[in-house]
Every structure is written in structure tokens, then in C-alpha cells.
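Q: Chains E and D supply the protein sequences, listed in that same order. Take 0 as the starting number for the first sequence in numbering that gives the first Met the number 0 and just add one per residue. Take 0 as the starting number for the second sequence in numbering that gives the first Met the number 0 and just add one per residue.
If you are wondering where the hints come from, they were derived from the structure by calculation, not from laboratory data. We put the CB at the ideal spot given by N, CA and C, even for glycine. Misleading hints may appear alongside valid ones.
[Claimed, not checked] Residues from chain E that face chain D, not an exhaustive set, calculated with beta carbons under 7 Å:
| hint | residue |
| --- | --- |
| 1 | Asn602 |
| 2 | Asn644 |
| 3 | Lys647 |
| 4 | Ile678 |
| 5 | Gly682 |
| 6 | Thr686 |
| 7 | Pro688 |
| 8 | Ile689 |
| 9 | Tyr692 |
| 10 | Ile694 |
| 11 | Gly696 |
| 12 | Gln760 |
| 13 | Ile764 |
| 14 | Thr766 |
| 15 | Lys769 |
| 16 | Gln770 |
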Amino acid sequence: MLFARYIFLLVFAIVFFTIETSAQKYTISGYVREKRTGEDLVGANIYVKELSKGTVTNSYGFFSLTLPKGEYQLIVSYLGYRDFSQKIKLDKDLKINIQQEEAVIISNEVVVTGERTNKNIESIEMSSFKLPIEKIKSIPAFMGEVDILKTIQLMPGVSSGGEGNAGFYVRGGGPDQNLILLDEAIVYNASHLFGFFSVFNADAVKDVTLIKGGMPANYGGRLSSVLDVTMKDGNNQKLQIDGGIGVISSRLTIQGPIKKDTCSFIVSGRRTYVDVLVKPFLKKNFQGTGYYFYDLNTKINYRFSDKDRLFLSGYFGRDVFSYKNKKDGFTMRFPWGNATTSFRWNHLFNDKLFLNTTATFSDYKFEFQGEMDDFEFKLFSGVRDFSLKTDFTWIPGVLHNVKFGANYIYHIFTPSSATARIGNTDFNTGATIRYYANDASIYITDEYDLSEYIKLSAGVRGTMFQQIGPFTRYLRDELGRNQDTAYYKRGDVLVTYKHAEPRASIRFVVNKTSSIKASFTQNYQYIHLASMSSATLPTDVWMPSTQLIKPQFATQYAIGYFKNFKKDMFETSVELYYKKIDNLIDYKEGATSDDNMANNPDNNFTFGKGLSYGAEFFFKKRVGKATGWVGYTLAKTTRQFDDVNLGKEYPAKYDRRHDLSVTFTYDLNKQWSFGAVFIYATGDATTLPIARYMIEGRIINEYGERNSYRMAAYNRADISATYNFPNKNKKWESSLNFSVYNVYNRKNPYMIYFNSDVDLQNYSIKTTAKQISLFSILPAITFNFKF
Amino acid sequence: MNKILTITLFIITITMISCEKEITIDLPTPESKLVIEGAIEEGQVPWVFITMNSPYFSPVDSTVLFNMIIKNAKVSVTDGITTDSLIPTWDPYTFPYYKYVGSTIIGQTGKTYWLKVEVDGKIYTASTGIYPAVCIDSLKFKLDRNQDSLGFVWLYLVDPDTLGNYYRIFTKVIGRDSIYLRPYPSVSDDKFFNGQFCEYMLERGRNPLEDNLYANNGLDSAGVSRFYFRKGETVVVKLCTIDAFHYDFWYSVEQQFMTDGNPFASPISARTNITGGALGVWGGYGINLDTLHIPN
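Given only the sequences and the hints, what does the whole structure look like? Please build it.
A: Dropping the structure here:
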């Protein structure tokens, strides 16, 4: 078996290469934490000056370095924090816990020394970004709501689906190809209000990492990207309350120690009140409409010792839309949302071996209940996961960083289950069809410093996916008529997929300020989002791989050049990528997903291929009063389905030839800071009618080639200003944030529709095209406080 | 149903925040295609309309409209034994008026009918069957909410026990409608209610030739919806059985009506059961008629 061979080779290589020369070596290990709150700092740099070598802390703030006996200068840095520097004498194994202090703003001079290293040059990671939440908060936000998803869409290679679409598209991949993790639990739908806001409450988030290429083997299950969101652990020094009052929502976060330095908690909530505010202004026919969403994040952690620590975190969020009109006799209500829970145990076997075991539960559901006169309709769809995962980090020496582990997920999918009744007729929509699946994987990966110049990372992930019973399979002919039925009992295996996913990257340091990196990855994805529409909506349905739906498969190649200028003040990079995807799914033309009557939802799909390639340019100024970045992507993304567009290749809806974003923040003084964003992107590809004909005296449209028409380009600028009230007593901090969305009031196209005036008696048909835009200029104000 | 839901979400969102403007659009010139619309009903002679498609934005006036009608086609229908040549006639009640009509073949249940159309040397063919009629169990008039004389007709039927029955429905108000009009939606298949007693709510269909009598929202000058039936009217309901390909055409047409202009739905081109590169449909209808007199 291919996978076994990969594993063997890799293990052999690791063992072989880790037997290093027998010079006396000692290990220095520990945690890096924030001084004020005791939060672990993820991805902090630990740098050994004498050796020009270093490492970074893992997701739990842990690091380990094994070095030859000697005296060293250890420098620890983290963006926005003061560098920590200490001389150490290494003649035995050492444990140190480092406390980083926030950089302080002194008079009018802003001193931000952190991350003033050439980490982007030295590290092997490419095609990835890490955003501390403070950075995200300084960027102008829509309606004053700080939004992680909107911010990552400002990075090259990541495109947004436009307004009213929370899905993001990484290097030509679909919105279902992003692995979105919140404290290691999968989030299936990351948006509120049909995509206008994300589910991540910025007050509860510590850190965000996006990987769009060169995905290491410890991540899997999705083709295009990983968005890893870490929640704050809670201040373990003192009780802290943060809050905000905005135009459409309010937030409140409480965190503090239960036992100082040992046990802390955080509870963070958010609710919108747009429904309350808008109600009096609603037009008559919309009275009775209600909409709100809320989020609740909680986390508690307990540190038994530096060797053992437990975390329990949870997220719960719901969107509720309702409509009630007594006059029409029409009521409906649809709630949807996610719930996730993760329970984690960190254990340090010794100063070189770190273990993290995670049990998670994820649930996403969408419900709809509607009633009108004699008609009643109910719909449910959802997905539920139970997962157990164990990850080891083994740091045998300064040259190696080995990760290995295993994961098992039990999935329950309910693609759609509907019941309907008209008068006294109960529509037989068939029994609820559920899909059950086993999803298991193992991986091993090693980062290895081959020489002073070359660093290698190689890994392999073995994945296995099974659709299991109970299940009833309906076999149909091409007109959708039932031909045969197959029944499977509980535990029966319907189909098994097994694959090996090799991953490799290499970094070559040209000199202190530049490097070249390349990566190769192959991924399989066993779950699919079937979307009736081209936007990401809560009505979209998650499906597992089945007998009919083969797993999606992607191969990606990327190469990049990284260069820093002016003592690492400016960071630049150019990356080229080429990505091929097989077994993409889409609904057959004209299919509806509503009924389970002698049918399986996966009978309605058609399968195809995707291709995307492009160049990404990135320029960033990261220190000083003025900071910001410019990202530009030149790319092409196409799709090809045998049953769509007569089998001809066509542009994906979000194929953006050009995609530019400029982000700028400026700290004027202690009181004032400013932010601005500018975005320009090629217009959406869309399908328009090109001809028409008459049947029964009515116009029928004939559509042109799929996505052959381009809407006008998207462009927009937002600005914001934050005023920090002078804090006389140190305890209370507060600020006012003003923002303006779409400053120059650009009418960006959201959709195009046609209006035909037909008057057959006077033999005239007149057609006009109309463009709908969503947001005009929108100012907002938010008050934030902390004590 | 998911589609309806999607559209509902969409309308709500859009109406709350959007703004719109008129734009101009450059579209490529489409391929010119023949459009065939024909049917054979149980007990009736076959008929066919033949027209051309036209570019989407081209302005249409009477000259353009009449140039779209094909008058030189050779049209024939056969049941395998008899062949009937269809002759052009003028039908004042149905657009585009110029209608090819048969004379010797009369539609019979259980038979298959082949259509052949020849225009400028090119041949287009199609076939359809007439399926046994399904009887209307009963008809009933129900007032609409908050109305004292306007409402809808409810149709009750017992679906045969075999899966794969496809229906299309028409109505005609005596003295008010010149032709049978189809409600929306007009087609249905029995996969949801196979073998059951079931009911349909029917609105009065829309006659495109009377569009100028009504405002865009379907209201007449007195503010009454064109889709209502009224007390005192006599309504004939025609319940037709159709074959699967015939159903597929009308289903795709009605899907298009529903998804047109919805940015969340992929656009649906109407399918066809005609071979040779033409658009349109050739369909057979098994017929059951019933009449409802709505008392005052």
C-alpha cells in the first residue's frame, strides 16, 4: 500500500537524521505567556543569537530547544510586545517561563519592537498568514463589527464572494474547502445574517492563522485552506470586563482567575438588536419581520502543573429570522446556527515530547417552519460530528520538529428532511434520510534543518472514510424514475475510501533578508457543500462522500520569493501557485433538493473539475506609526462539468483576474489612531440570457454560455478613526470608534436582472437591464470599554 | 422547496437594504434557432406553431414579430399508419396566430404520434404519447381570505397506484376566457402522492393576449386580481395526463419562471423533446374535463 510505504520512508528518514552527533546537549523548554493576563502566546519567536537558530511556540505557547552545551543569548519576540532578552548558561536541562510585556506607548513615540526579526524569511511556512486580534481590530469594520473573515479576505489569494456572502474563496477553491476551526472544533457555517457578519466574536478570540497552501500534514479534511481560530483562555491574573456598544449589536466579555495562575475562565456574549431598531421604519408589508443573532463563547482552563493542563471551551450561536403577518395568515420562522464544544488535555511527557488530546463536538443545523392558510411546511438539515484527536510534538534536537497523531470523526449528516401538508393532504416526502460516516486519519510530519540554508518539511497523512448503514439507496434512471432499492443495516459499510496525502515544502535561504520557498501538497476532502445557489447561504446542504459522490481531490504546487528591506521594516513576497481539483460537485441543472421520496439527495449531483493558477504579490510595512499592507493577486479559475455548459470549460463565478487590497493603519498619538481599506476586484462572472422565444405567448429565455458575462468591477474604500479617552485612573479604559463603509458611495453590482414589458396586442416587447447594489455609504459608531 | 426558501431569504434581504439602477449590457449575437410548439389532444386534430428565436435585447415591433413566424414549413404528423399533413390556418385567440393544423388524425389514448417539420431543407422530429386520462374526483370553490366573492378552485383526484403519472392542468371561465388557460404552476408529478387522494388549489390562468387589461401586479382597473375566480362563474377544468419528456419540458419552463432574475439560483434553460436543433415541445394530452358552477 502506498501509504505504508510513505510512512516507512518518513519514519526511517526521521530516525536516521535525528541521530545527531554525540556532543553534549541540553534542552531548554518552557512557555511564553503574556504578563498582564497570563494568556499563552501562540507563535512567539524564540531566537538563539549565537546560532542564528530559533523556534516558535506551538498553539499552547510551548517551546523546546535542544542545543550543545554553552552560553547563549535568548531573544523572545511577539508582535506588539517588547522583546525579551536573557543570557543563559546551558550546562543542564533548563525550564523557563517567559512573560512578555505589551509594548508601551511612550509620549508621542510609538515603540513597537515586536516581531522585528526576519521570521518570514527564516520559517518554512509559505502561503500562510497569522493575524493577532489587535491587528484585526485596527482595521475599519462594516457597521463597526470587527470581523475576522472580512479581514482575511484582504490577503492576496483570498477572495470574498462579495457583499452578502460570508464564503471565502482561497486560490480558486470553493467555500466548502476551508477548514474552519474554533479551538480545534470544526465550524460548518461561519456566518451570521446571510454572510454580513462572521460568527467569531473578536473579543473572545486570541489568534487567527490562515494557511492557503503548503498545508502541513497535521491538518486535513479540506482542500483549500485552514482557518485556525484560537479563543482566549481568560485572564488568570485579575478580573477583567470588556464590552462594546455598537449600532447594531452589543458585546460583553468577562474573564478572570478562579485561582490565580492556575485556573481562569472567559465568558463572552454578543447580540444584535437591529430588529428592535428597524421595526418602526419597516414598510407596511414587512411589519412582523424579526431578525436577530447571538453568540456565546465560554472557556475554562486549569493548569495542574507545567506538565498537565485541561481546557474546556464552547461556542453557541443562533440566527433567528421570523415573519408573522396575521392579515396574510402567513407565519414563518427559521433558526440556524452552530454549536461546538472542545475538551483538551495538554501533557508534557518530558521537555521534548508534548501531547495534546482533544475531544470535540460540532453541530450545525438549519430549520424552517412556515404556515400559510392551509399550507404547512417544515424543513430540517444539519450535520453533527463527534471527534477524538491526539497530536504529539516531538522536538529531538534543534534541527528537527516532528509532529504525529491520529484523528477519528463520526459524522451524521441530514441533508434535508421536509414535511408538508396542504389542507388535509399530507405530502409524503419520504422518511428522513441520514448519512452516517467514519472518518479516520493518521499523520506524521517533520521539519528538518538540512543545512544552514536549506530547511525541509515532509509529511504524509493517511485518510480513510466510510459511509455506513443504516441507509436506503434508491437507484434511478435518467428521468429520475425509480428502478431499484437497496437496504443497508446499521453498521454495514457501503463504501470505503482510503488515500495517502503527501505534503512537502522546502526553504532555501539566499541571505539574511531573502529566501525562496516551494511546496507540494495533495489533499482529499470527503465532505461536500451542495449549493443550490452561487452564494453561501444557510440553506446549503452538507453531504458526505457516498457510493455516488467520490471524494474531492486537489494537488497544489507553490513557489515563492520572500525579501525584507530596511532592517525587516518592509516585508515583501511573490508567490506563484497552480492548483488542480477533481470531483467537485454541483446540482444537476434544474434539480431540486427538497424531497426524499424514493430518492437520495446525492442522485441530484453532477461532478466536475476545477483549475486555478495565479501570482500573489504582498508588500507589508509592519513597524512604525504607519503600518499596513498591499496585496495583489493575478489569477484564473475555471470549472468543467460534463453536464454543465455542454461540457465546455467555463470561468468560476469568483474567478477574479485582478484582486487588489490596500490596508493602512496610523497611530497618531496616544489618543487617536486611524485605519483605511481599499479594495478592487474583477467583477463576478455570471450567466445572462442571450436570446428569447415565445411559447404559449410567453417569453422563454435562452441562456448564454455559463458565466460568460462579467459584471462591473468591485471597488470600495472604508475609513475609521478611534479615539482613546485619556485614562486618569488606570483601571478604566474606553474608546470611541467611528467608521464609514463605502466612503465614495460606489454602487457595486450585486446582481443584474431584466424587466420585459410585453404587449402582444400592440406587438411590442421592451427589455431593460437593471443592476442591484447592496450597500451605499454607511457610517457607524461603536463605544468600547475595558476595566 | 429549498428554492422557494432561498428566494424568500433573498427578497427579504434585498428589500431591506438595496438600491437599483438601469444599466446597458453588451451581449453576443445568439445562434438563430427554430422554435416548435405543438400538441395533440385526445379527440382533437394536431396543431403546431413555428417561430424563430430572437436576440435578447433586440427591440420588438410588429414587423419583427411577424418576421419571426415561419410560414414555409412542411409539417406532418403520423401515428405509424396514417400520415396527416398540417395546413396553415389563422387562430385569432392564440399568439402568434399562424397555426399549422391537421385534418385526418384525431388523438387517441394509448397511441404514439411522430412529428416531422421541414424548414429550408432541415428536418426536425419529435414523438409523444397520449396517456389514459385520470378522472377528476370533484371540484370545489373556496373564498380567499378576507374576500366575499373571490377565490380559487380546488381540484380533487385519486392518483393511480403506479408511480410516474404526470399532470398538466388548464381552466376556462365560460363567457370570460376565449381559450383554456394554465395556472402557475401547471404541471405536477405524483412522486409525492402516489396512489393517494390529493388536492390542488387552482388560480385562474393568465392569457398573454389580455395582458394589456391588467397592471403589472395582475390587478384590473377595479383593483381585482386577474388570478381570482368569482361567485356566479362557470369554470371548466381540464386535467391532462402527459408523458415524462413532455412533463420535463413544462417543468423546466416553470423552473425558469421561478429562478429568472434570482442571483442565488443557477439559470435554467428550458429543455426540449425535439431533435434536430430546434427549441420547444411536441406533447400529447390525455383529457378529463369537469365543470364547476360557482353559486352566487
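Q: Decide, hint by hint, whether the structure agrees.
A: Right, here's what the structure says about each hint:
1. Asn602: violated (12 Å)
2. Asn644: violated (11 Å)
3. Lys647: Constraint on Lys647(E) not satisfied, violated at 14 Å.
4. Ile678: violated (19 Å)
5. Gly682: The hint is violated - Gly682(E) has no Cβ within 7 Å of chain D, the shortest such distance being about 12 Å.
6. Thr686: Result: holds, 5 Å to nearest chain D Cβ.
7. Pro688: With a minimum Cβ separation of about 5 Å from chain D (threshold 7 Å), the hint on Pro688(E) holds.
8. Ile689: holds (4 Å)
9. Tyr692: Constraint on Tyr692(E) satisfied, holds at 4 Å.
10. Ile694: holds (5 Å)
11. Gly696: This interface hint holds because 3 Å falls under the 7 Å limit.
12. Gln760: Gln760(E) check passes; min Cβ-Cβ to chain D is 5 Å, inside 7 Å.
13. Ile764: holds (4 Å)
14. Thr766: holds (6 Å)
15. Lys769: Nearest chain D Cβ about 5 Å off; hint holds.
16. Gln770: Nearest chain D Cβ about 5 Å off; hint holds.
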